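With chain R fixed as given, assemble chain D onto it according to the hints.
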Amino acid sequence: MAADPANLAYVRTEEAPLLPPPANEAGVRGWLIKNLFSSPLNSLLTILVGAFLIWLIWDTVKWGLFDAVWTGENREACTGEGVGACWPLIWDKFPQWMYGFYPIDQRWRPNLVFLIGGAALIPMLIPSVGGKLWNAMFLLIFFPLITIILLSGGHVNFLAQTYAAVIALLLLAAVIVPIAAFGLEDGLQRNRPGIILAAAALLVWLGGFLVDTPSISIGFARVNALPFFSMLLAFLAGVVSLKVALADNSGAGRSALKGWALIAGGLLLAMLLLDIDFGLEPVETSQWGGLLVTLVVAVTGIVASLPIGILLALGRRSKMPVVRMFSIVFIEIWRGVPLITVLFMSSVMLPLFLPEGVNFDKLLRALVGVALFSSAYMAEVVRAGLQAIPRGQYEGAQALGLSYWQMMAKIILPQALKISIPNIVGNFISLFKDTTLVSIIGIFDLLGIVQAGLRDANWASAASAPTGYFTVALIFWVFCFGMSRYSMFIERRLATGHKR
Amino acid sequence: MKGKLLSCVFGFGLALTATGAMAGTLDDVKAKGFVQCGVSQGLPGFSNPDSQNNWTGMDVDFCRAVASAIFNDPSKVKFTPLSAKERFTALQSGEVDLLSRNTTWTMSRDTSLGLKFAGVMYYDGQGFMVKKGLGVNTALGLNGASVCTNTGTTTELNLADFFKANNMQYQVVAIENSDETLKAYDEGRCDVFTTDQSGLYAERLKVKNPDEHIILPEIISKEPLGPVVRQGDDAWFNVVKWTYYALLNAEELGVTQANVDEMKSSTNPEIKRLLGVPNEDGSGAGFGVGIGLDDAWAYQIIKNGGNYAEIFERNVGESTPLKIARGKNALWNKGGLQYAPPIR
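Here the protein sequences come in this chain order: R and D. Everything in the first sequence is counted per numbering that gives the first Met the number 0, starting at 0 for the first residue and increasing by one. Everything in the second sequence is counted per numbering that gives the first Met the number 0, starting at 0 for the first residue and increasing by one.
The shape of chain D in the complex, shown without the other chains:
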């Protein structure tokens, strides 16, 4: 009642949006009918508005997958673009239900901010871009190179560690602003450009001749990026976590957006459990109900947005301007790190 009085006084301003963070987030989301998803203000391939006002990218598609799991409707998401500084407050204060904004999973963030990371949507890390003309195709061949980087970020420290550990000499050209750093590299003031690998692919688009530059395969730091939820709301955490696992399991089992309907009649018990096909005695599979959703939750995710591989290819893969290789983000049985517990 106190809250009500407050809100009726504050409600004097014309725009009052009650988000009601006290009850379970899943119930809140179901009640209001959409997922409020915090995304980046613009990061190519991860979350970026296109010219028709549609948000595109992997982070964005993950939000849509969560909405599909709950509502069977990928459009029931509202995106809140957040700057890096305000993202955690927005989540803590209940302004967003889910933060899917290329956020690195670190111990301090996981333990001291009242947040929980639900998985690793993209294994990122610091990489190197060089001109093809340099004739280098491994980071270990960069001895004596001059490296362009931004000042005051951890990239500078990682760089020092990497070259020291491998007994190589280098010269750093540190510049304040990332656009200027790229320009310096493009104009030949340094041989190598370094930042997080996902960023390298985006920056490569902005040099004069993108085709003349390659991104070296090595990653010299760990930057696991994933969706974040508030701590202490396990039901919601489970929904987000298993949405992510469902995307991976679907890829592993070969279930795609195109074949998901046929797959429903598959005899593979793993696929049957994933897609929530009822048991032979007619009882439900029960996995969706267990996390407070419909048994067809994973079917809805795949049907509406495809599995992890499809999301990856659509947004950052070889067919997009970014042309990012799967690398560490391949499934565990294909040499990558993406691994999901089984649905059983």
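Isolated chain R, as found in the complex:
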């Protein structure tokens, strides 16, 4: 029987054409149905939220653009019913909000600091740009020095005693060099004379507080006897300790000595740099203000809190009881008090404890307070990261014969810090916003100077406060959002094999 194609069961000779997906699944309509109107409840929510958003956005735009006042000389322009944002206030006050009371003709100095900081920070933040080590060194060592000199004018005029005291302290610190090189027991054994001399120096120095001794002449100057002897002893202790470190032929002593020399030399060099007169007009920190102070406080807090926090976190997990107790006490004390209390303590209590006539710079006090406070929080964040690392990682590192610091630096911390990134950056962001608290101790940070500007009788009006607060919120948002996005970028970059 010949096959009649017409009687055959239907067989496809060509592929069926691809049909477009159903209208409910594709295109704008599909997306809308899928995401916004998938059920009656969702549709209702969409409509409600949408209406709310439109109302909100419309009002904001109306306030900020249509009803806003754009030009004017003083409050007269912004007074009256139905006035939206008062932008001339911003035009008038904006420079002050950036620099505070920094002298107007010296504003190029903070500008230069911002510029140098930006130029150094941006390549640091882009992973593909090389020279990270030098970049980091510049940012962490030279940039702070440049900032201090440019902003304050340098030329600190250290007293000769200050130099002497710093050199004595550095030499006293040299006692640790043999311990660092040969370990605790061996180091103590070898450097017994150095330790005894150092202890004697400390005792004599403390004695200086208890008894008033006559001053003696040392050729060119008259000095008080006890502190002078204490310095001599410290000097001897340092020399003896360094000799002990040098006497050993292994490299350990020499490298520890190198480290000490680098730190001591760097410190003295920094002091000398701050002492030099660059011919810049001195600007007291009480004149700094606005975004400048906010950035100074926040950046100092951020930069100081991470290393101190890591050390504290390691200390809290240490097996050495003294180190562990110190870390716990430090962390719990600083975490146990509100930042406001710390700031008040620094500005109200501290001056009463200090001898009359001795007065720390107010901003410096706030900076130290903020840095220590945020370190305590950072320590707990890092500790959480450390605890998430499986024990096998520690044991594996130890099995390889790594020392404690090698294990931490090469195996544990890179992993712990990586998983802590969201929390670390969260801490940074909250610290950045907490800097506004310094305005309660009379430092004009960004928020403080905006509030002072709003109280200016020339600009006080019903429209001023919303405009000012809106602007300051926007500035804070830009910085915090930037930090947040960058942390997400770094997280994605470092997400090596933990994604499921």
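Since the hints were derived computationally from the structure, they do not count as laboratory data. As the structure is a prediction and not an experimental result, all values here were calculated from the model.
Covered by chain D, according to a simulated footprint, are these stretches of chain R (three or more residues, beta-carbon under 8 Å):
(1) 72–79
(2) 433–443
(3) 451–464
For every residue, glycine included, the Cβ atom is placed at its ideal position computed from N, Cα and C.
Chain D only, in chain R's frame:
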């Protein structure tokens, strides 16, 4: 020497400012070349930075007057903005030489804090602001009104006392934050807004239509605001006190910034003594020397900053946005309370 050792150790931090509060403040101030003056962080008309970083206001101008008396240069002042909480510590610890920061003179502050009030720069007190439409022009007409005030301040107590003493009914709307309190008043949640009168004038600027609100003339509490110095330093206290009196005496005698040079040749012996014009025999008037300053001290004050009336008008008077009337701050012979002992 102990102090020196301490400071050389503490001096390790880069910013060490020695204020040396032990010697007489006047000598210290002369030695360092400027007056360190504690002011408010921002109070319109009293101390507030303008857009060009200049401090303006009555409290600020008083600091400048003290600097003029000592240095004949009103710019030799450094201002330390202080919050209400830290102001007394700053003065006690020697961080500032003079506190000129709308501080109310009360007995407890005068006697237990180791401080001395040098005078009353501004007689303040709790007042009322109402809408013009209410048709009230005395506080005694506020029967049955609802009053907006801040919670937990003495204003609430004063309010209760005042209405009770005058047998009037009222309803209080207490709100935590002062900005919100004003907003509630502006939106009509209450008829009356109450706080210190100087503050009322400043707050009036922030309502939607300032011209539709008036401040009632009555004051129902005493808030004398004045400059404060440390107790136990009488030489400095005298300088500050007599700077204030010189401002008042100059106004009373009609000596102004503009005419002070002509006034020097006045025949009025009171003016001559005020301005330190030498006696006919050529000897000095001696009043400035008596408080450790130049005999031209008061001349310098007036020449550089004007008398009390000029300071008042310039900062809070009718020509400024605040438009505060002299009221209780008029001179004693014009119905006010400002009175200075004579220079004699």
